[in-house]
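Novice: Here's the letter readout for the chains.
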Amino acid sequence: MAAAAIHQFAECITCHAWSPDESMIAFCPNNHEVHIYKFFTDKWEKLHVLSKHDQIVSGIDWSKSSNKIVTVSHDRNSYVWTQEGSDWVPTLVILKLNRAALCVQWSPKENKFAVGSGAKSVCVCYYEQENNWWISKVIRKRHESSVTSLAWHPNNIYLATTSTDGKCRVFSTFIKGVDKRGSQSSTSTDSKFGEQIAQLDLSSTWVFGVRWSPSGKTLAYAGHNSMVYFIDEVESSPAAQNLALRDLPLRDVLFVSERTLIGVGFDCNPMIFAADDTGLWSFIRFLDERKAAPSASKASQDWTVKSWYGIWKMTSALQNSSREGFITNQIKGTSVITHRTQGTILGSGVLQVFKIQGQPGSKDSPDG
Amino acid sequence: MASSAAYPDADENLEAIITRIEQKSRKIETLLKQSKPVEALKTALEGSPLKTLDERCKSANWIVVHRAMMAIRDVDGMFNSLDPEYYDILMKYLYRGLSTGDRPTCDQCLKIHEKLTEKAGLGCILRSLADTVNTV
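So the protein sequences, as listed, match chains A and B.
Just so you know, we're using UniProt numbering here: the first sequence kicks off at 1 and counts up by one.
Just so you know, we're using UniProt numbering here: the second sequence kicks off at 1 and counts up by one.
Quick caveat, the hints were computed from the structure, so don't treat them as lab data.
A portion of the hints provided could be inaccurate.
[To be verified] Chain B stretches covered by chain A per the calculated footprint, using a threshold of three residues with CB under 8 Å from any CB of chain A: (1) 113 to 122; (2) 125 to 134.
[Claimed, not checked] To give a feel for the contact side, a few chain A residues facing chain B, derived at Cβ under 7 Å: (3) Gln129; (4) Asn131; (5) Ser226; (6) Leu245; (7) Asp247; (8) Leu248.
Being a predicted model, the structure only gives us computed values, none of them experimental.
Ideal Cβ placement from N, Cα and C applies to all residues, glycine included.
Based on the provided sequences and hints, a complete structural model is requested.
Specialist: Listed below in C-alpha cells is the structure:
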C-alpha cells in the first residue's frame, strides 16, 4: 500500500501531533516555532504559528478531549496552549530541568502530562486550581541517561519510559489530590509517586518509542540494535518477546489495536507487526510499497517469511521478577491487518498519511 | 533454541566452560570426518560462552568456531541448512575473524559475511556491533 497522501510542509519536522478530530496537525519545522495546519477540502493551510519557545521544540502533544496542546523544547521549558476564540494562549510550565526536554505526553485523563528530559529525569506536571498554575514533580535518580520516550498506561497512574541507558522502566505517578486511590480495582495502583514498578533490561543499546497497547496489557518498545520488545503483564509477571528485525532500527511504535503495531524507523518505511491467537508477535509487511531492496533483489524474494526471524524468550533480565524459563518459537506471519490508522511523519519534513483498510472476514472491526 | 538462548555461563565455573568446549571440539572433529561441515559449525556456535569476560574461554571457543568455519566450502549451501537463530552469533564471530588480520581467515569471513548480510540484513550487523553484554 502506498501512502494515501504526501505533503511537504517543511525542510525537516522534529515532532508533530494531530488534533482530536485529525483535521489539524501541529508540528515543529526544526526551529523554535510550532505551526498548526488545517486540511481544507484539497490542501493544507497554515492557521497558527505558536512561537514562545527559544529553542527547537522537541515534543508536542494535543489532548483528545480537552483540546489543549502541550509543547516542550530544548530551552528546558514547557507551555500548555489553550484555545480562546481563534487564538492559542500559552501558559508557562516551569519544569525545573537543567537539560533539554525531549518528549511530552498527556495522561489519558488529561489532568497530568509527563516530560522526558536529557537531565536523566522525568517531570510529571499537574494543574493546581487554587494557584492557577501547573506544578512539576520530578522523578530523579532512576534513569542513568536521557529519557527518550514516554507512555501512559490507560489507568492514568503508570508511566513507562525508555532511556539511552538501554532500559525501559515503569513508574507510579500517583499524585495526592489529583488521582483517587482505589479507583482502579488493582492494588498495584496504590504505590507512591515516583516508585519504580518495573525495570526492563532487555537491550544493551539505546531504546526508543515506548507504547502501551489500548488495554494496557502489552508494552512495546524499540531498541537501537534493530529489535522490538513486547512485554506482557509488566506489573505482575513480565513475559518478554524479542523480535529481531532484518533492517535498520525503529524509532517509534504505535498500537492501532490490541494485536497490531506500526513501527517507524530508519528504513523510512512503516512496518506492520501483529500478534497471532497465541500472542506471538511477528512482522507482517511494510506499509509503503516504494520500498526497494537495498541490496540484491534476489534477497528480497525470501524476505517475507524466512528472513524475518524472531527470538522469543522470557528473559531472566526482567529485574523485578525472578521468573526464568523460555519460550521458543519460529514465526510465521499470517495474520491480517484489520485497522485503519493514519499519520506518520518521517524526518524529511514530509507528511505521509496511511490508511490501512479492513480485510473482509476478519475478527476485528474494519472501521476503527 | 540454539545460540541466542540465555546462557548461564556468567555463573559457570571457568573450568567447566573449558571442558564443555573441549567436548565440542571432539564432536566437531567427528562431524568434519563425516563431511558435515554445517553441522560442525552449528555445534561450534551452540553454547558459546557469551557472558563470561574470561579471554581464555572466548579464545578456546573461537578456535573451535574457526576450525568449523574454515571447513565450509559451499557457502550458499551452508545457508540452506543454517537456521536464522544462528545468524546473530555467526556475525559476531565473523567480525572476530576479520579482526585477526590473517589472510585465509579474512577471505573466508568476507565470503560468509557477504552471504550472511544478504540473508540476515543490516539489522544483524547492528546487533552484533551493538551488543556489549554477549560478546565472543
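Novice: All hints are to be evaluated individually against the structure, with a verdict given for each.
Specialist: Here is how each hint holds up against the structure:
As drawn, the segment 113 to 122 of chain B meets chain A at 6 residues by the rule of a beta-carbon pair under 8 Å; at three or more, the given contact holds. Coverage of the segment 125 to 134 of chain B by chain A holds. Counting CB-CB distances below 8 Å, 6 residues qualify, and the rule asks for three or more. With its C-beta approaching chain B no nearer than about 48 Å, Gln129/A sits outside the 7 Å limit, and its interface hint is violated. Because the beta carbon of Asn131/A sits about 47 Å from the nearest beta carbon in chain B, more than 7 Å, this interface hint is broken.
A least Cβ separation of about 3 Å between Ser226/A and chain B falls short of the 7 Å threshold, and the interface hint therefore holds. Given the 7 Å rule on beta carbons, the hint for Leu245/A holds: about 4 Å separates it from the nearest Cβ of chain B. A cut of 7 Å between beta carbons decides the hint on Asp247/A: the least distance to chain B is about 5 Å, and the hint holds. Evaluation of the Leu248/A hint against chain B yields a held restraint, the C-beta minimum of about 6 Å falling below 7 Å.
Consistency note: the structure conflicts with the earlier hints numbered 3 and 4.
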